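Line order of the protein sequences matches chains L and W. Using the numbering used here, the letters of the first sequence map in sequence onto residues 1 to 368. Using the numbering used here, the letters of the second sequence map in sequence onto residues 369 to 736.
Just so you know, the hints here were simulated from the structure itself, not pulled from any lab data. This structure is a prediction, so every number in the text was calculated from the model and none was measured. Be aware that one or more of the hints could be misleading.
[Unchecked claim] Within a straight-line C-alpha distance of at most 30 Å, the following computed BS3-like cross-link-like pairs (lysine-lysine) qualify: (1) W:K728 to L:K129; (2) L:K176 to W:K596; (3) W:K487 to L:K235; (4) W:K596 to L:K119; (5) W:K632 to L:K205; (6) L:K368 to W:K621; (7) W:K736 to L:K360; (8) W:K728 to L:K368; (9) L:K368 to W:K544; (10) W:K621 to L:K364; (11) L:K360 to L:K103; (12) L:K129 to W:K736; (13) W:K621 to W:K632; (14) W:K487 to L:K228; (15) L:K231 to W:K632; (16) L:K176 to W:K544; (17) L:K205 to W:K497; (18) L:K119 to W:K728; (19) L:K231 to W:K497.
Protein chains: 2
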Amino acid sequence: MAEFEVTPWDVSGHVDYDKLVKEFGTDYITDKQLKEIEAITGDLHIYLRRKLFYSQRDLDAVLKAHKSGKGFFLYTGRGPSGDMHIGHLMPFIFTKWLQEKFKVNLYIQITDDEKFAFKQNLSLEDTRKMAREDIANILALGFSPKNTFIMQDSVYTQTYPKALEWSKYINFSTTKAVFGFENATNIASIFYPAVQCVPITFEEKQCLIPSAIDQDPYWRIARDVSHKIGKGYPKTAAIHSKFIPPLSGLEGKMSSSIEGSTIKLNDTPKEVKNKINKYALTGGQNTVEEQRKKGGNPEGCVVFEYLKMLMEEDDKLLEERYKNCKGGKVLCGECKQYLIEKLNAFLSEHQKARAKITDKDINKFLLK
Amino acid sequence: MAEFEVTPWDVSGHVDYDKLVKEFGTDYITDKQLKEIEAITGDLHIYLRRKLFYSQRDLDAVLKAHKSGKGFFLYTGRGPSGDMHIGHLMPFIFTKWLQEKFKVNLYIQITDDEKFAFKQNLSLEDTRKMAREDIANILALGFSPKNTFIMQDSVYTQTYPKALEWSKYINFSTTKAVFGFENATNIASIFYPAVQCVPITFEEKQCLIPSAIDQDPYWRIARDVSHKIGKGYPKTAAIHSKFIPPLSGLEGKMSSSIEGSTIKLNDTPKEVKNKINKYALTGGQNTVEEQRKKGGNPEGCVVFEYLKMLMEEDDKLLEERYKNCKGGKVLCGECKQYLIEKLNAFLSEHQKARAKITDKDINKFLLK
C-alpha cells in the first residue's frame with residue numbers, strides 16, 4: 001500500500017520527496033546550481049535557500065541559455081477555484097522573483113477549462129468567474145503587463161489550434177498511464193493535458209516551469225512530444241516545489257476543501273488568529289513544565305514549518321527559534337503569535353493590493 | 369463477417385441501406401413527409417424524389433417547427449481534403465435547396481482539425497490550406513453570406529469553449545463504442561466528436577443536419593447530450609443520404625484516394641471523358657449483338673446510377689433510358705457519352721463559378 005499519493009489532483013499522506021524524485025525521474029537542485037544562480041541573481045530566494053523548491057529538470061540548460069544570451073522564458077499556472085490560499089500564491093511569488101532577477105517574459109496559464117472538465121458540478125461560467133478572481137489575486141503580487149501574459153484557456157482564441165498540435169502526439173494509453181484516466185473519463189479531461197502543454201511553445205526559446213512537483217507528469221509528456229511540434233522545440237525545463245502542508249499536520253497539502261486547513265488570501269486578521277490557535281499542529285509537549293524541561297520538536301511543527309518555508313526570511317532568527325524550541329526556551333503560544341503577526345502583515349499588504357486590481361487591469365494581461 | 373462497413377472514416381462493400389436504418393436506429397423518409405415538404409416547397413428536389421436522401425431523425429419536428437413559425441436552421445459540413453469530387457458536393461447542393469425553400473440560416477463546418485488529427489502525415493497548415501480550397505468550391509454553388517456562416521474549426525475562436533461544453537458529457541467509453549476508438553487513438557481524435565457537435569447549438573432553434581448516413585454516429589451522441597448543454601437544446605434532427613458509388617462499381621463510395629474512382633471538381637472535359645470510358649462499370653452485355661437481344665441491366669450500372677442520382681433531373685427521360693436499356697435499344701457507349709456531356713456541362717459551370725471566388729469572398733462567410 002502506498003504511504004502517500006501525489007497526482008495533479010490529489011496529494012495525501014506523508015510525502016516522501018526523495019522517493020518522488022526517484023519515481024518521477026527528476027533531479028535534485030544541486031548546491032552547484034544554487035551557487036550559479038546566486039552568482040547571477042546576487043542572492044537566493046528563501047524558497048531556494050530552504051529547499052522548498054528542491055527538484056528540477058534541465059535547470060542546467062536554462063542557466064546555459066541565460067549565460068549564452070539566448071535567454072529563456074517562464075511559464076507557470078493556476079487551476080482556478082476562486083478561493084486561493086497562501087500555498088497557491090507561493091509558486092507565483094517565486095516565479096516573480098525569477099522573472100525580475102533574470103529579466104524574462106512570463107506566461108501564466110489559468111486553467112478554467114480543466115476545472116470545468118474535472119469538477120462535475122461547476123459550469124464554465126462558474127470557472128470563468130473564479131478565473132477572474134484568481135487572476136486578480138495573482139496580479140496583486142505586482143506583475144507588469146510588459147513582460148507578463150495570461151492565457152485563460154477558455155478565453156484565449158488560440159487555445160484549440162495550439163493544443164491540437166500537441167494532442168496529435170499524445171494517445172489515450174499515455175494519459176491512462178500518466179494520469180490514471182479511465183474509460184469513464186470524459187473527453188474534455190482526456191484532451192486537457194494537451195492544453196497544459198500549450199505555453200511551452202509560446203517562444204522559440206528554452207521554457208522553464210516553476211510549479212509544485214505534482215504537476216510534473218504534464219511536463220514529462222510535454223518533454224516526450226515537444227520535438228514533434230512545429231519545427232521542433234527544446235524540452236521544457238522545470239523546477240519543482242514541495243507542498244505547503246495543511247495547518248492540521250505535516251501530511252498532504254493545504255487544501256481549500258478541508259475546513260480549517262488553510263490560510264485563505266481573504267482571511268481577516270481574526271480568522272487567521274483563530275485558525276492558527278485552533279488548528280495549527282505544533283511539536284510542543286503536553287505541559288509548559290514538560291516543554292521547559294524537554295524542549296519542543298520543530299521538525300514535527302506546522303507553525304515552525306510555515307515560518308521556515310514562507311514567513312521567516314531571516315536565517316539567523318529562524319535558527320535561533322529552532323534552538324530556543326529545542327531548548328525549551330520558547331513556548332508554542334509564542335511561536336503561534338509570531339506566525340499570526342507575520343501572516344497578517346503579509347495578508348494585509350496583499351489584500352490592499354488585491355483591492356486595487358480592476359477588470360481593466362486584468363484585461364491588459366490577457367492573451368487574445 | 370460483415371458484408372459491408374459504414375463508419376465516418378470508411379465505407380466499403382455493398383451497402384445495405386435498409387440494414388443501416390435498422391442498425392443506426394433511424395427512420396425512413398416517408399411518402400407522407402415528402403408530400404408535406406412538397407406542399408411547402410412547391411416541388412421535390414431530385415435527391416428526395418430519387419431517394420438519395422432516404423433516412424431521417426426527427427424530420428417531423430423540423431416540419432412542425434417550420435409550420436409553427438418557430439423555424440429551424442441547417443447545419444452541414446465537410447472534412448477538407450482539397451480534392452473535392454462530385455460526391456462531396458451533393459450534400460451542399462441539397463442543403464442549398466433546403467435553405468432557399470425554407471428561407472433559413474445555414475452553418476457549414478469545415479473540419480480541418482479532424483483531418484489533421486486523423487491523418488498522420490498532414491500538418492495543420494496543410495489541412496487549413498485544403499479548407500480554403502474546399503470552401504471556395506462550396507461557395508461556388510452560390511451561397512449568400514447573409515444567411516450562410518462557415519465555422520472553420522481551427523480558425524473559429526469559439527471552437528474550444530463551445531466544444532468543451534459537449535466534451536464534459538461524452539466519455540471515452542462512448543467514443544470507443546460509437547467510433548471504435550482504441551487506447552492508441554490520439555487525444556485530438558478522441559476530443560473531436562465534441563467539436564462536430566458544436567454547430568447544433570448555434571441557434572436556440574431546432575437544428576436539421578443533412579449529411580451522408582456515415583455521419584449519423586455523431587448525431588446519435590449529440591442527441592444524447594444536447595439537453596445538458598447550457599439551458600438545454602432540442603435533439604438535433606438529421607436527414608441522411610446514401611453514398612455516390614465509385615466509377616468502378618456499386619460498392620463503397622466515391623473516394624479521392626482511389627485512382628479512377630472519382631469525378632473531381634477540377635477535372636478537365638477530357639479527363640471526365642477518359643475516366644468514364646475507361647473506369648465506369650456498366651450493366652451491359654459482352655457484345656453489341658447480345659445487348660440488342662437481351663438488353664442491359666441498369667440496376668448494375670454506375671452510369672445509370674449517376675444519371676439517376678445526380679445528373680438526369682427529367683424523370684421521363686430517365687424512365688425512357690431505363691426502358692431502352694432493358695429493351696436493348698440503347699448501348700452502353702451512348703449512355704456513357706450522355707453522362708460525359710451532362711457531367712462536363714455541370715463541371716464547366718462549377719469551375720467558372722469557383723474561379724470567381726476570392727479570399728475576400730471566403731472571409732465574408734467565416735465565423736470569427
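Hint-by-hint comparison with the structure:
Distance check on the hinted pair: K728 of chain W and K129 of chain L sit about 37 Å apart at the alpha-carbon level, beyond 30 Å; violated. Restraint check for K176 of chain L and K596 of chain W: the C-alpha separation of about 27 Å stays at or below 30 Å, so the hint holds. About 25 Å separates the Cα atoms of K487 of chain W and K235 of chain L, which keeps this hinted pair within 30 Å; it holds. This hinted pair checks out: K596 of chain W and K119 of chain L have alpha carbons roughly 15 Å apart, not beyond 30 Å.
Proximity of K632 of chain W to K205 of chain L is assessed by CA-CA distance (about 45 Å); at most 30 Å being required, the pair is judged violated. Proximity of K368 of chain L to K621 of chain W is assessed by CA-CA distance (about 42 Å); at most 30 Å being required, the pair is judged violated. A distance of roughly 23 Å separates the Cα atoms of K736 of chain W and K360 of chain L; the hinted pair therefore holds under the 30 Å criterion. Taking the CA atoms of K728 of chain W and K368 of chain L, the gap is near 23 Å; set against the 30 Å cutoff, the hint holds.
Among the hinted pairs, K368 of chain L with K544 of chain W is inconsistent with the structure: their alpha-carbon atoms are about 35 Å apart, more than 30 Å. Only pairs whose Cα atoms come within 30 Å are accepted, and K621 of chain W paired with K364 of chain L is rejected, the gap being roughly 52 Å. A hinted pair counts as satisfied when its Cα atoms are at most 30 Å apart, and K360 of chain L with K103 of chain L qualifies at roughly 25 Å. A distance of roughly 23 Å separates the Cα atoms of K129 of chain L and K736 of chain W; the hinted pair therefore holds under the 30 Å criterion.
Distance restraint check for K621 of chain W and K632 of chain W: the Cα-Cα separation of roughly 14 Å lies within the 30 Å cut-off, and the hinted pair is therefore satisfied. For the suggested pair K487 of chain W and K228 of chain L, the alpha carbons sit about 15 Å apart, so the restraint of at most 30 Å is met. At roughly 33 Å between alpha-carbon atoms, K231 of chain L and K632 of chain W are farther apart than 30 Å, so this suggested pair is violated. Annotation: proposed proximity of K176 of chain L to K544 of chain W holds, straight-line Cα distance about 15 Å (limit 30 Å).
For the hint linking K205 of chain L to K497 of chain W, the alpha-carbon distance of about 28 Å falls within 30 Å, and the restraint holds. Taken as a hint, the K119 of chain L and K728 of chain W pair is broken in the structure, with Cα atoms around 43 Å apart against an allowance of 30 Å. A threshold of 30 Å between alpha carbons decides the hint, and for K231 of chain L with K497 of chain W the separation of about 18 Å falls inside it, so the pair holds.
In summary, the numbered hints that this structure violates are 1, 5, 6, 9, 10, 15, 18.
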